[in-house]
Amino acid sequence: MAAQIVFIVILTAAVYLFGKNVAKVRRNILLGRDVDRSDNPAKRWGIMARVALGQSKMVKRPVAAILHILVYVGFVIINIEVLEIMVDGIFGSHRVFAKPLGGFYSMLIGGFEVLALLVLAACVVFLVRRNVIKLKRFSGTEMTAWPKSDANYILITEILLMGAFLTMNASDYKLQLLHFGHYATAGSFPIGAMIAPLLPNSTEALVITERVCWWFHIIGILAFLNYLPYSKHFHILLAFPNIYYSNLNKKGKFTNMDSVTGEVKAMLDPSFVPEGTEISRFGAKDVTDLTWKNLMDAYTCTECGRCTSVCPANITGKLLSPRKIMMDTRDRLTEVGNDIDKHGKDYNDDKSLLDNYISREELWACTTCNACVEACPVNINPLEIITEMRRYVIMEESQAPASLNNMFGNMENNGAPWKYSQSDRLNWALNN
Amino acid sequence: MELIIPTMAQMAAEGKQPDILFWVGCAGSFDERAQKITRDICKILQHVNISYAVLGTEEACTGDPAKRAGNEFLFQMQAMMNIQVLDGYNIKKIVTGCPHCFNTIANEYPGLGGNYEVIHHTQLIQQLIDEGKLKAEGGESFKGRRITFHDPCYLGRGNNVYEAPRRALEVLDTELVEMKRCKSNGLCCGAGGAQMFKEPEPGKKEINDERMLDVLEAKANVIASGCPFCMTMLSDGVKHIDKEQEIKVLDIAEITVRANGL
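Sequence order for the protein chains is A and B.
Position 273 (the first sequence) corresponds to 273 in full-length UniProt numbering; numbering is contiguous.
Position 205 (the second sequence) corresponds to 205 in full-length UniProt numbering; numbering is contiguous.
The reader is advised that the hints may include incorrect statements.
As a list, the in silico DSSO-like pairs of lysine-lysine whose alpha-carbon atoms are at most 27 Å apart [claimed, not checked]: (1) A:K232 x A:K134; (2) A:K419 x B:K198; (3) B:K204 x A:K134; (4) B:K204 x A:K148; (5) A:K60 x B:K183; (6) A:K43 x A:K253; (7) B:K239 x B:K204; (8) A:K136 x B:K92; (9) B:K16 x B:K198; (10) A:K148 x A:K351; (11) A:K136 x B:K183; (12) A:K136 x B:K204; (13) A:K60 x A:K250; (14) B:K204 x A:K250; (15) B:K205 x A:K134; (16) B:K36 x B:K239; (17) B:K133 x B:K93; (18) B:K143 x B:K133; (19) A:K342 x A:K285; (20) B:K183 x A:K253; (21) A:K57 x B:K180; (22) A:K60 x B:K180; (23) A:K134 x B:K180; (24) B:K243 x A:K419; (25) A:K250 x B:K183; (26) B:K219 x A:K250; (27) B:K219 x B:K143; (28) B:K92 x A:K253.
Short derived list, chain B residues pointing at chain A, Cβ under 10 Å [said to hold, decoys possible]: (29) E58; (30) P65; (31) G70; (32) E117; (33) Q195.
If you're looking for bench data, these hints aren't it; they were derived computationally from the structure.
For each residue, glycine too, the CB sits at the ideal point set by N, CA and C.
Could you build all of it, start to finish, from the sequences and the hints given here?
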C-alpha cells in the first residue's frame with residue numbers, strides 16, 4: 001500500500017511538473033508573430049505521416065537512419081510496456097496484462113526485449129560516433145560543452161533505462177522459474193533468459209533486483225520526461241506538430257511583406273490610401289519579431305547538424321552555421337521567457353537575437369540556397385530567420401554591406417543590379 | 001541563322017500578340033557570356049517557330065537580389081512596376097533563361113497581383129523535345145564527352161525542377177554523369193542570396209572552388225548549367241583550377257543550339 005502511495009505521488013508530481021514546463025514552452029512559442037498554417041489539413045496530416053512518423057528525410061544518411069529508426073521504434077513500442085507498469089504501480093498488481101493476454105503477452109514481452117537490446121546497442125553506437133569517432137557533424141562552434149553533454153546524457157539515460165528493463169525481466173523470469181511468490185509464469189523472455197544466469201540464485205536477492213530495477217526504470221522514465229523541455233531531446237514530441245505546420249509553398253518562394261505592399265502602392269499611386277495597419281518593426285531584431293513557427297522550429301531542433309553539414313557557407317569555412325541560428329534562437333527565447341517569469345511581461349534586458357547571439361557576418365554569408373531547409377529531417381527553416389534578420393538590418397538600420405547598397409542604387413536608378421543603362425538593355429540583340 | 005528579335009512594343013504597334021514572352025533578365029541582357037545564351041534561346045524559339053517577343057528596354061530587374069538581401073521595399077517597387085508593364089501588354093505566358101527571374105515571377109509576383117504561367121527555358125526545351133519539335137541532329141556531336149548538370153538552387157530545390165534540364169541532355173549521344181552533390185543535394189555555386197553582388201564573407205575557400213571538387217571527381221569535361229549566375233561562378237571555378245581547356249561550362253540552351261547546328 002505504501003509503495004502504491006509513493007508511486008502515485010511520484011507519478012502525479014512528474015506529470016504536473018512536465019505539464020507546467022510544456023505550458024511554459026508553449027507560452028514562449030506564442031510570443032512569436034502570427035502566421036497562418038491552418039490551411040490544407042489533409043495535406044499536412046500526410047506530410048506528418050510521411051516525414052515524422054515515416055522519417056522519410058532521415059534516409060539520406062542510411063547508417064544514422066537505421067540506428068535512429070531502431071531507437072525510435074523501440075521507444076514508441078516499449079512505451080506500451082510502460083502502460084502496464086503504470087497500472088501495476090497504481091493498483092499494486094504485478095504484470096497485470098500477463099493473464100488476460102496469455103500467449104500474446106508472451107509475444108509482446110519477447111518483442112519488447114529484442115527491441116530493448118537493439119535500442120541499447122544503437123545508443124552505444126551513437127555514443128561511439130559522438131565521443132570516439134568524433135564525427136565532424138557533431139562538432140562546430142555552437143557545439144559547446146552543454147549541447148555535447150546533453151546528447152551524451154540522453155544516450156546514457158536510454159542505455160540505463162533499457163538495461164534496467166532487461167535486468168528487471170531477467171530477475172522476474174528467474175523468479176518465475178523458481179515459482180516464487182506472485183511471480184507467475186508470464187511467457188518467454190528471450191533476452192531476460194540470457195541474462196538470468198548472471199544473476200544471483202537467492203530469491204531474496206532476485207526480488208530486490210527486480211524491485212530496484214522496476215522502480216529505477218519507471219522513475220527514470222518520469223525523470224527523463226521532465227528533462228525533455230530542457231533538452232534537444234524535446235524533438236521526440238515537437239517533431240510532430242512542427243512537421244504538421246510545415247511551409248507548404250515552394251522553397252524558393254519567400255514571403256511578401258504585406259506591411260511593405262501598402263507603402264509601395266502609395267508611392268506608385270498617390271491616390272492609394274494604405275490600410276492603417278500599425279507595424280512595429282520591419283524584419284526581426286529579436287525572437288519576438290519572428291513567427292511562432294520559427295520559434296517552434298527552434299525548440300524542435302535536435303542539433304543533428306545535417307543543415308550545417310550541407311551549408312555551402314559553412315563548408316567553405318564561413319562563420320554561418322544554420323544549426324547555430326536555430327540554437328541561438330532557442331537560447332534567446334528561453335532567456336526572454338525566463339525574464340518574463342522573473343520580471344514580468346514588459347521587461348527589457350537590452351539584449352537581442354541580433355548581435356548578442358547572431359552576428360551580421362553570419363547573416364551575410366548565406367546564399368539562400370535552401371540546402372539547410374532541404375536537409376532538416378523535421379522541416380525546420382533556418383533560412384526564414386536569416387531572411388527576417390536581413391530585412392531588419394536593411395530596412396530598419398540601413399546597414400547593408402557597401403557593395404549591396406551599390407546594387408540597390410543601380411536597381412533603383414537603372415533597373416538592373418549593375419550600372420548599365422536601361423536604354424542599353426536590348427544591345428545583345430544588335431551584335432548577333 | 002539570322003535572328004529576328006521582336007519586341008513587345010513593335011508587336012503591339014502591329015496589333016499582334018505573341019504566344020510567349022521571353023523574359024531575358026539582367027544577366028541575360030548585360031553579361032557578355034549570358035548575352036550569348038540569350039541569343040541561343042532566341043535561336044531555339046525561332047527554329048521551332050514559336051511566336052515570341054522580348055520587352056527590351058521596358059524590362060527591369062525582377063527585384064530578386066534585393067529581396068534575398070532583405071530589401072523588401074525595393075523588391076516590391078520593381079515587382080509592381082514590372083507587373084504594370086506585363087499586364088499592360090496582356091502577357092499570359094513567360095519563358096526565362098534565369099532561375100532567379102523564374103522563381104520570383106512565378107512564386108512571388110502572384111501575391112502582388114501578377115499572375116502568369118512561367119517556365120524556365122530548360123522546361124521549354126524539354127517540352128519541345130517531348131513533342132518531337134526539337135531533336136539533337138544536324139549539329140555538333142557530343143559523343144565521347146562526359147556531361148554533368150549543375151542544379152541551380154532556385155530551379156532545383158527552390159522549385160523542384162530536376163528532370164527538365166536532364167531530359168535536354170539525354171537526347172545527346174553522350175555520357176551523362178551526376179556529381180556527388182546533385183539534385184536536391186546539389187551544392188550552390190555561391191552566387192545566390194545576393195552574394196553575386198558582394199564579396200564573400202571571410203572563410204577558408206570560395207564556394208565555386210568547393211564545387212570544382214565534385215566536377216573533378218565526376219571526371220566531367222562539360223558542366224551544363226541553366227543559370228547565368230551559376231555560369232559565372234562555375235566558369236571562374238574552372239579558371240581557378242586551370243582547366244579551361246579540358247572543362248567547358250555550357251548552358252543547356254547553348255548545348256541544344258550546338259547539337260542542332262542552329
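Here's how the hints hold up against the structure:
1. A:K232 x A:K134: holds (19 Å)
2. A:K419 x B:K198: The given pair, whose Cα atoms are some 14 Å apart, holds under the 27 Å limit.
3. B:K204 x A:K134: Holds - the C-alpha atoms of A:K134 and B:K204 are around 22 Å apart, at most 27 Å.
4. B:K204 x A:K148: Since the Cα atoms of B:K204 and A:K148 sit roughly 25 Å apart, the hinted pair holds (cutoff 27 Å).
5. A:K60 x B:K183: holds (13 Å)
6. A:K43 x A:K253: holds (19 Å)
7. B:K239 x B:K204: holds (18 Å)
8. A:K136 x B:K92: violated (50 Å)
9. B:K16 x B:K198: Violated, because 42 Å separates the two Cα atoms, which is more than 27 Å.
10. A:K148 x A:K351: holds (26 Å)
11. A:K136 x B:K183: holds (24 Å)
12. A:K136 x B:K204: holds (16 Å)
13. A:K60 x A:K250: Status holds; Cα separation ~20 Å.
14. B:K204 x A:K250: violated (32 Å)
15. B:K205 x A:K134: Roughly 24 Å separates the two Cα atoms, so the pair holds.
16. B:K36 x B:K239: This hinted pair holds, its Cα atoms lying about 19 Å apart.
17. B:K133 x B:K93: Given that 27 Å is the threshold and the Cα spacing comes to 19 Å, the pair holds.
18. B:K143 x B:K133: Roughly 22 Å between the alpha carbons, so the hint for B:K143 and B:K133 holds.
19. A:K342 x A:K285: It holds: about 22 Å lies between the C-alpha atoms, which stays within 27 Å.
20. B:K183 x A:K253: holds (18 Å)
21. A:K57 x B:K180: Answer holds: A:K57 to B:K180 is near 18 Å, not above 27 Å.
22. A:K60 x B:K180: This hinted pair holds, its Cα atoms lying about 13 Å apart.
23. A:K134 x B:K180: holds (23 Å)
24. B:K243 x A:K419: violated (31 Å)
25. A:K250 x B:K183: Measuring from Cα to Cα gives roughly 15 Å; hence the hint holds.
26. B:K219 x A:K250: violated (32 Å)
27. B:K219 x B:K143: holds (15 Å)
28. B:K92 x A:K253: holds (20 Å)
29. E58: holds (8 Å)
30. P65: holds (5 Å)
31. G70: holds (3 Å)
32. E117: violated (15 Å)
33. Q195: Nearest chain A Cβ about 5 Å off; hint holds.
Checked against the numbered hints above, the structure breaks hints 8, 9, 14, 24, 26, 32 and satisfies the rest.
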